[in-house]
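K.L.:
Required output: the full structure, derived from the provided sequences and hints.
Protein chains in written order, with the numbering used here: chain A, 71 to 311; chain B, 18 to 261.
It should be emphasised that the hints constitute simulated quantities derived from the structure, not laboratory data. Where a beta carbon is used, it is the ideal one built from N, C-alpha and C, also for glycine. Some clues are possibly wrong.
What the hints assert, rightly or not - Here are the simulated SDA-like cross-link-like pairs (lysine to any residue), alpha carbons at most 20 Å apart as the crow flies:
| # | chain 1 | residue 1 | chain 2 | residue 2 |
| --- | --- | --- | --- | --- |
| 1 | A | K220 | B | V67 |
| 2 | B | K258 | A | M178 |
| 3 | B | K151 | A | I306 |
| 4 | B | K255 | A | M178 |
| 5 | B | K219 | B | N42 |
| 6 | B | K64 | A | E219 |
| 7 | A | K303 | B | D158 |
| 8 | B | K258 | B | L171 |
| 9 | B | K258 | A | E219 |
| 10 | A | K303 | B | L161 |
| 11 | A | K200 | B | K255 |
| 12 | A | K117 | B | L171 |
| 13 | A | K192 | A | K305 |
Stated by the list, open to error - Cβ-Cβ distance ranges computed for the label pairs, FRET-style:
| # | chain 1 | residue 1 | chain 2 | residue 2 | range |
| --- | --- | --- | --- | --- | --- |
| 14 | A | M174 | B | T41 | 24 to 30 Å |
| 15 | A | S296 | B | P140 | 36 to 42 Å |
| 16 | A | F132 | B | D46 | 52 to 58 Å |
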Amino acid sequence: MALEMYLDLFSQPCRSVYIFAKKNNIPFDLKTVSLLEGEQYGEEFGKINMMRKAPAIRDGEFCLAESIAIMKYLAEKYKTSDHWYPADLQKRARVNEYLSWQHMGIRMHGSKMFWLRLLIPKIMGVEVPKDKMDGALEDLEGSLKLIEEKFIGDKPFIAGEQISLADLVAIVEIMQPVGSGLDVFEGRLKLSAWRDRVQAEIGKELFDEAHQGILASQEMVKNMDSSKMQIFKPKILKMFL
Amino acid sequence: MPLELYLDLHSQPCRSVFIFAKKTNIPFDFKFVDLATGQQYGEDFGKISVVRKVPVMRDGDFILTESVAILKYMAEKFGTSDSDHWYPADLQKRARINEYLSWQHAAMRAHGSKVFWFRAIVPIITGSEVPKEKMDSAMEDLTLSLKVFEEKFLDDRPFIIGEKISLADLVAIVEIMQPVGTGLDLFENRPTLSAWRDRVKKELGEALFDEAHKTIMHVDSLPQTFENNGMLEFLKPKIQKMFN
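P.N.:
Next up, the structure:
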């Protein structure tokens with residue numbers, strides 16, 4: 071039985087898993103889960119992942135959630151090139167350091183920006199108050215600064231000379247606010263140069279394929295039926311408590 | 018030269034690193050970074066880590082932040098076949114541990130920390146209790162995380178990956194203890210969680226567990242420390258942001 075991957079490419083961690091599997095020619099059955107339509111709350115998906123989040127994989131009897139756990143599992147199982155998750159103790163530690171930091175470091179801020187700029191105005195029918203937007207932007211900018219200065223520094227990639235899971239996870243998260251119309255690369259030469267290197271390593275075609283959906287979000291969200299998105303209201307109200 | 022571990026045991030990730038190093042007999046120099054006085058913002062610590070957080074590990078020239086990365090580094094570098102259970106080579110067991118370690122950042126850790134701040138720190142800084150709806154919302158999130166923990170991560174297993182304790186249990190217990198330090202008994206009416214806590218304590222050794230948690234279980238001295246070190250003024254804008 072083939073590896074099943076439950077993905078929605080609007081989701082950053084789904085993109086990293088998708089790109090990793092494709093880049094490394096790992097065969098899989100793509101099972102699309104439409105998050106904005108609430109498919110993660112269905113009965114079938116609940117059996118794959120009771121936390122009702124994507125990505126999730128099913129490998130025979132073994133179900134696994136969390137993109138970072140999934141990619142490490144795939145890297146080991148399919149014996150991908152060492153540079154993705156190096157065996158060298160210190161290089162691996164650098165990759166782990168980024169993968170740990172990024173959850174609350176960039177992921178949270180980039181995701182928030184996407185919600186504040188696109189989804190919340192659509193679902194709630196009002197723009198987000200300026201002070202909240204400014205606060206969120208400040209957090210995002212702080213994160214990007216740290217990525218440039220500490221994690222990339224003067225290296226081509228986060229772990230050194232070669233691309234790794236850290237760069238892959240970083241780029242998909244940074245692309246999320248970009249999808250909401252915020253050009254985070256403007257004025258950031260180091261980040262832009264790193265992005266170009268990462269894109270070249272992944273391959274422009276694969277990178278673009280994975281990001282097609284998120285980059286068309288502004289248009290897509292505009293045309294969505296907001297009455298079908300009311301399940302997200304409680305989550306949004308909580309964000310503003 | 019032994020490892021240097023820059024720690025403050027008020028911090029959950031510092032506790033997991035401390036406990037692991039002690040439990041597995043890894044020699045280290047304990048370098049105290051006094052968070053309550055803002056030492057992490059000083060010039061000296063800035064040379065260790067620009068992120069200005071703890072824990073930090075220094076192994077010779079190699080400086081590493083992020084407890085999850087530090088724990089894995091130590092497990093790999095100093096591990097033996099007997100201690101393999103902390104971070105097993107078995108593909109699926111390791112994946113389960115990674116799954117927990119990934120999930121917990123934005124779930125157990127975030128929610129436990131928030132409840133801790135709301136109960137122990139914010140009232141000192143602002144001079145008043147956190148508004149009820151905010152506190153209720155934070156407690157709701159923590160309750161849900163604990164439910165997911167009991168139902169998915171523990172289920173009917175003694176430890177997260179099965180028969181043996183691992184890094185996942187260690188990281189879990191220190192995070193759950195944070196709000197407990199403010200007087201909130203999260204184990205009450207949670208028999209699965211309590212039984213697991215007892216097993217974890219036994220594996221780590223009660224003396225070590227208590228030593229690591231002494232600081233967090235006695236946070237009453239924080240108000241005076243904050244006042245003495247200008248932390249009240251420093252933390253005010255940060256708190257304001259939390260409520261924006």
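K.L.:
None of the hints should be skipped; say for each whether it holds.
P.N.:
Right, here's what the structure says about each hint:
Distance restraint check for A:K220 and B:V67: the Cα-Cα separation of roughly 7 Å lies within the 20 Å cut-off, and the hinted pair is therefore satisfied. A C-alpha spacing of about 15 Å is found between B:K258 and A:M178, which places the hinted pair at or below 20 Å, so the restraint holds. Between B:K151 and A:I306 the alpha-carbon distance is near 14 Å, which keeps this suggested pair within the 20 Å criterion. Note on B:K255 and A:M178: the hinted pairing holds, with a Cα-Cα distance of about 17 Å set against a maximum of 20 Å.
Taking the CA atoms of B:K219 and B:N42, the gap is about 17 Å. The hint holds against a cut of 20 Å. Between B:K64 and A:E219, the direct Cα distance comes to roughly 14 Å. Compliance with the 20 Å bound is thereby established for this hinted pair. At roughly 16 Å between alpha-carbon atoms, A:K303 and B:D158 fall within 20 Å of each other, so this suggested pair holds. For the hint linking B:K258 to B:L171, the alpha-carbon distance of about 35 Å lies beyond 20 Å, and the restraint is violated.
Using a Cα cut-off of 20 Å, the hinted pair B:K258 and A:E219 is violated, with the two alpha carbons roughly 24 Å apart. A threshold of 20 Å between alpha carbons decides the hint, and for A:K303 with B:L161 the separation of about 18 Å falls inside it, so the pair holds. Straight-line distance between C-alpha atoms of A:K200 and B:K255 comes to about 18 Å, which keeps the hinted pair within the 20 Å bound. For the hint linking A:K117 to B:L171, the alpha-carbon distance of about 17 Å falls within 20 Å, and the restraint holds.
For the proposed pair A:K192 and A:K305, the alpha carbon gap of about 14 Å is at most 20 Å, so the pair holds. Separated by about 27 Å at the C-beta atoms, A:M174 and B:T41 satisfy the suggested range of 24 to 30 Å. Remark: the range hint 36 to 42 Å for A:S296 to B:P140 is upheld by a beta-carbon distance near 39 Å. As the Cβ distance of A:F132 to B:D46 is approximately 41 Å, the hint placing it in 52 to 58 Å is violated.
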